[in-house]
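Q: Going line by line, the protein sequences match chains A and B. Everything in the first sequence is counted per full-length UniProt numbering, starting at 1 for the first residue and increasing by one. Everything in the second sequence is counted per full-length UniProt numbering, starting at 1 for the first residue and increasing by one.
Rather than coming from a laboratory, the hints here were simulated on the basis of the structure. In this text the structure is predicted, and so the values were computed from the model without any measurement. Worth double-checking, as some hints may not be accurate.
Note that identical chains are pooled: a pair holds if it fits in a single copy or bridges any two copies.
Straight line, CA to CA, 30 Å or less: simulated DSSO-like cross-link-like pairs of lysine-lysine [stated by the list, open to error]:
| no. | residue 1 | residue 2 |
| --- | --- | --- |
| 1 | Lys-40 | Lys-70 |
| 2 | Lys-118 | Lys-70 |
| 3 | Lys-125 | Lys-50 |
| 4 | Lys-118 | Lys-40 |
| 5 | Lys-50 | Lys-70 |
| 6 | Lys-125 | Lys-40 |
2 protein chains.
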Amino acid sequence: MDDTLVSQLQPGQLLARGVCRHLGSHNFVAVEEFVPERGKRVDVMALGPKGEIWVIECKSSRVDFTSDQKWDGYLEWCDRYFWAVDVDFPTELLPDDTGLIIADAYNAEIIRLGPEEKLAPARRKALTLRFARHAARRLHGYRDPRL
Amino acid sequence: MDDTLVSQLQPGQLLARGVCRHLGSHNFVAVEEFVPERGKRVDVMALGPKGEIWVIECKSSRVDFTSDQKWDGYLEWCDRYFWAVDVDFPTELLPDDTGLIIADAYNAEIIRLGPEEKLAPARRKALTLRFARHAARRLHGYRDPRL
Chain A
1 MDDTLVSQLQ PGQLLARGVC RHLGSHNFVA VEEFVPERGK RVDVMALGPK
51 GEIWVIECKS SRVDFTSDQK WDGYLEWCDR YFWAVDVDFP TELLPDDTGL
101 IIADAYNAEI IRLGPEEKLA PARRKALTLR FARHAARRLH GYRDPRL
Chain B
1 MDDTLVSQLQ PGQLLARGVC RHLGSHNFVA VEEFVPERGK RVDVMALGPK
51 GEIWVIECKS SRVDFTSDQK WDGYLEWCDR YFWAVDVDFP TELLPDDTGL
101 IIADAYNAEI IRLGPEEKLA PARRKALTLR FARHAARRLH GYRDPRL
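Please build the complete structure, drawing on both the sequences and the hints.
A: Below you can see the structure in the form of structure tokens.
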């Protein structure tokens, strides 16, 4: 993606881009705008080498965070939950018992892991299948774009 | 993918392209050149809505088929196994107890399902995770191509 394309992304998408790059260095793969169940959409869902599932919500500003009433509904869809914000974000707004990632469009760093609350096996199985099908469907769209 | 790109694909890849399109109409998603374990690579691996795992080997000619000594090693990596061949392929060469798909670069049709041999749960779990990570990694390569 060149800088022209970067300039077309929304602020939250720029953070997601850096987050996804950084997750690769932890051997996690990630998809964006993932729907864990009808009516919910998370910014980034990541899948680790042992099947660990992380959710990362990207917040580009104080207003972006304070207007989000839905985030605690995502906790039940992951083993670990993170916020991703830029270096100027007032991180004291964020709950202590959540993970924290500082990101820009090019990279990111995990500052705080937050607690791990392991998913029940049945939900992990269903989420992994849904992640796999989401990623393959999007990939197919790139490989065979006339579809 | 326009016709210029189609012309750059190998015969087996052209079949795989039609197969992947057709699988979508059965609500299966698919990835190409998937490695179920070190040293094995399948042409197409497909994942169904309930987690069904299919392997499809694409054979562009008689020689392509008769030179393949590895195919029965793929049976243990799927619930159903298929050959995909073009309309001129001598299908009497293919074992009766395998699935059959007739394909071209644009579409395909399932002629014979073949028997179902369900994977053990632990292998299905591991394969689904590997599929998910494969698809997400490839997708990321398209979304962020400088990586």
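Q: Return the numbers of the hints above that this structure violates; sort them in rising order.
A: Going through the list in order, the structure violates no hint and respects every one.
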